[in-house]
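**Student:** One line per chain: the protein sequences are A and B, in this order. One point on numbering: in numbering that gives the first Met the number 0, the residue at position 157 of the first sequence is 156, and numbering is uninterrupted. One point on numbering: in numbering that gives the first Met the number 0, the residue at position 160 of the second sequence is 159, and numbering is uninterrupted.
A portion of the hints provided could be inaccurate.
[As the list claims (entries may be wrong)] Looking from chain A toward chain B, a few residues come up when the C-beta cut is under 10 Å (computed):
#: 1; residue: Arg14
#: 2; residue: Gly18
#: 3; residue: His30
#: 4; residue: Gly79
#: 5; residue: Leu80
#: 6; residue: Ile116
[What the hints assert, rightly or not] Distance condition first, Cα-Cα at most 16 Å in a straight line; then the derived EDC-like pairs of lysine to aspartate or glutamate:
#: 7; chain 1: A; residue 1: Lys22; chain 2: A; residue 2: Glu7
#: 8; chain 1: B; residue 1: Lys8; chain 2: A; residue 2: Asp65
#: 9; chain 1: A; residue 1: Lys8; chain 2: B; residue 2: Asp89
#: 10; chain 1: B; residue 1: Lys22; chain 2: B; residue 2: Glu7
#: 11; chain 1: B; residue 1: Lys22; chain 2: B; residue 2: Glu11
#: 12; chain 1: A; residue 1: Lys8; chain 2: B; residue 2: Glu64
#: 13; chain 1: B; residue 1: Lys8; chain 2: A; residue 2: Glu119
#: 14; chain 1: B; residue 1: Lys8; chain 2: A; residue 2: Asp48
#: 15; chain 1: A; residue 1: Lys8; chain 2: B; residue 2: Asp65
#: 16; chain 1: B; residue 1: Lys22; chain 2: A; residue 2: Glu95
#: 17; chain 1: A; residue 1: Lys8; chain 2: B; residue 2: Glu51
#: 18; chain 1: A; residue 1: Lys22; chain 2: B; residue 2: Asp89
#: 19; chain 1: B; residue 1: Lys8; chain 2: A; residue 2: Glu47
#: 20; chain 1: B; residue 1: Lys22; chain 2: A; residue 2: Asp89
#: 21; chain 1: A; residue 1: Lys22; chain 2: A; residue 2: Glu11
#: 22; chain 1: A; residue 1: Lys8; chain 2: B; residue 2: Glu47
#: 23; chain 1: A; residue 1: Lys22; chain 2: B; residue 2: Glu95
#: 24; chain 1: B; residue 1: Lys8; chain 2: A; residue 2: Glu64
If you are wondering where the hints come from, they were derived from the structure by calculation, not from laboratory data. For every residue, glycine included, the Cβ atom is placed at its ideal position computed from N, Cα and C.
There are 2 protein chains.
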Amino acid sequence: MSFSPLIEKLMESLRVLPGVGPKTAQRMAMHLLERDRDGGRRLAAVLEDALERVGYCRRCRTLTEDEVCALCESTRRDDGLLCVVESPADQLAIEEAGGYRGRYFVLHGHLSPLDGIGPEDLGLDALESRVAEEGVEEVILATNPTVEGEATAHYIAAQLTAHGVRLSRLAYGVPMGGELEYVDGGTLSRAFNGRLPFRGD
Amino acid sequence: MSFSPLIEKLMESLRVLPGVGPKTAQRMAMHLLERDRDGGRRLAAVLEDALERVGYCRRCRTLTEDEVCALCESTRRDDGLLCVVESPADQLAIEEAGGYRGRYFVLHGHLSPLDGIGPEDLGLDALESRVAEEGVEEVILATNPTVEGEATAHYIAAQLTAHGVRLSRLAYGVPMGGELEYVDGGTLSRAFNGRLPFRGD
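Produce the complete structure using the sequences and hints provided.
**Tutor:** Okay, structure coming up:
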């Protein structure tokens with residue numbers, strides 16, 4: 000025996016959500032059907048609406064339902080600084096850390112020839128024209144510190160170097176509040192090689 | 000900064016799902032928007048459909064989109080046995096354990112005067128007429144072994160006793176495959192009081 004066909008279909012559909020296996024999908028379906036039908040209906044409507052209307056910002060390519068996102072519209076950001084990130088979640092993390100007052104460009108991924116993801120999929124043409132035409136002084140390559148992220152940063156750096164823009168990368172090192180014992184060897188040797196003079200502040 | 004209003008609304012709507020906090024909701028929203036829009040659209044459509052069409056089986060009150068569920072329709076079950084459970088998930092667990100070939104009655108909860116859940120909310124009138132009119136020989140009270148489940152079982156037993164039906168309750172004891180060390184005291188003393196003659200089979 001199993002649940003009715005429509006309930007089974009609902010459980011299967013819930014498994015598109017990351018981290019949701021069969022047991023969790025069952026718990027979610029039962030919760031919505033038994034205890035929160037209004038919340039479920041609201042979720043269905045908002046999900047449909049968001050998938051219909053959320054697209055890419057015409058300037059920075061972040062996810063937004065507007066043609067140009069709020070951050071690109073803002074007049075209080077520094078046009079001379081452009082931070083390139085792999086995802087909207089990375090962008091949000093940098094914003095939440097505070098301190099950065101420039102603009103962004105979102106790649107939605109990294110170069111991955113094996114998956115057929117090339118420069119055009121990441122909007123690198125648009126990035127290049129923006130740098131060439133809009134007085135960007137420094138591009139901060141904030142792709143992930145992974146093999147793919149590094150390769151993507153190198154590719155972009157090579158593409159932009161002809162435009163005489165300053166290029167930078169986030170500093171590598173030991174994370175704040177961590178314990179050295181648990182830091183991996185690659186990070187530790189990077190942190191040694193990049194060591195800084197001690198200042199007592 | 001945060002995501003755009005519609006994305007924030009999607010993240011908030013996802014939190015109706017049990018066990019989904021702000022971080023998980025963000026990860027789910029990003030996954031659907033960035034990597035699986037088709038899956039997300041399918042989920043929205045199926046969810047809307049299920050919440051619209053899934054109701055209670057007219058006979059046993061389990062969740063189904065049909066008027067009468069497949070198990071109640073089946074001619075291969077024993078009409079003389081009726082198992083009363085708190086939820087469709089409990090019913091499924093019993094079916095998956097195998098061995099039981101009778102019918103079910105689903106309460107969708109337990110008596111809870113403080114939450115305003117009384118006998119009529121659990122369909123106890125329908126249960127009583129079914130027992131009175133349909134030749135049920137034994138009612139197995141398989142409510143949860145909790146204070147509320149026990150109270151509900153006692154209430155139903157008192158209600159049905161006038162109809163001369165046999166009443167039973169699931170056996171209490173130590174769970175199979177567990178270690179005695181980790182079994183709680185209440186269960187252990189129940190298992191002692193209910194001890195059975197040893198048979199070498």
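**Student:** Evaluate each hint against the coordinates.
**Tutor:** A quick look at each hint next to the structure:
1. For arginine 14/A, the shortest C-beta to C-beta distance to chain B is roughly 9 Å, which falls under 10 Å, so the interface hint holds.
2. Using the Cβ-Cβ criterion of 10 Å, the hint placing glycine 18/A at the interface with chain B is satisfied: the shortest such distance is roughly 7 Å.
3. Interface restraint check for histidine 30/A: the shortest CB-CB distance to chain B comes to about 5 Å, inside 10 Å, so the restraint holds.
4. Using the Cβ-Cβ criterion of 10 Å, the hint placing glycine 79/A at the interface with chain B is not satisfied: the shortest such distance is roughly 19 Å.
5. With its C-beta approaching chain B no nearer than about 15 Å, leucine 80/A sits outside the 10 Å limit, and its interface hint is violated.
6. Hint status for isoleucine 116/A: violated, given a least beta-carbon distance of 12 Å to chain B, over 10 Å.
7. Taking the CA atoms of lysine 22/A and glutamate 7/A, the gap is near 12 Å; set against the 16 Å cutoff, the hint holds.
8. For the given pair, lysine 8/B sits about 15 Å from aspartate 65/A by alpha-carbon distance, which is consistent with the 16 Å threshold.
9. With a CA separation close to 19 Å, the supplied pair lysine 8/A and aspartate 89/B exceeds the 16 Å bound.
10. Taken as a hint, the lysine 22/B and glutamate 7/B pair is honoured in the structure, with Cα atoms around 12 Å apart against an allowance of 16 Å.
11. Distance check on the hinted pair: lysine 22/B and glutamate 11/B sit about 11 Å apart at the alpha-carbon level, within 16 Å; holds.
12. Distance check on the hinted pair: lysine 8/A and glutamate 64/B sit about 12 Å apart at the alpha-carbon level, within 16 Å; holds.
13. Between lysine 8/B and glutamate 119/A the alpha-carbon distance is near 31 Å, which puts this suggested pair outside the 16 Å criterion.
14. Restraint check for lysine 8/B and aspartate 48/A: satisfied, since their Cα atoms lie roughly 10 Å apart, inside the 16 Å limit.
15. A distance of roughly 15 Å separates the Cα atoms of lysine 8/A and aspartate 65/B; the hinted pair therefore holds under the 16 Å criterion.
16. A distance of roughly 14 Å separates the Cα atoms of lysine 22/B and glutamate 95/A; the hinted pair therefore holds under the 16 Å criterion.
17. Only pairs whose Cα atoms come within 16 Å are accepted, and lysine 8/A paired with glutamate 51/B is accepted, the gap being roughly 14 Å.
18. For the proposed pair lysine 22/A and aspartate 89/B, the alpha carbon gap of about 13 Å is at most 16 Å, so the pair holds.
19. Of the supplied pair hints, the one linking lysine 8/B and glutamate 47/A holds, its CA atoms being roughly 12 Å apart against a limit of 16 Å.
20. Of the pairs offered as hints, the one joining lysine 22/B and aspartate 89/A holds, with about 13 Å between alpha carbons and a cut-off of 16 Å not exceeded.
21. Between the alpha carbons of lysine 22/A and glutamate 11/A the distance comes to roughly 11 Å, so the proposed pair stays at or under 16 Å and holds.
22. Under the criterion of a C-alpha separation no larger than 16 Å, the hint pairing lysine 8/A with glutamate 47/B is consistent with the structure, at around 12 Å.
23. Annotation: proposed proximity of lysine 22/A to glutamate 95/B holds, straight-line Cα distance about 14 Å (limit 16 Å).
24. Distance hint between lysine 8/B and glutamate 64/A is fulfilled; the C-alpha atoms sit about 12 Å from each other, no more than 16 Å.
The structure fails to meet hints 4, 5, 6, 9, 13 from the earlier list, while all remaining hints are met.
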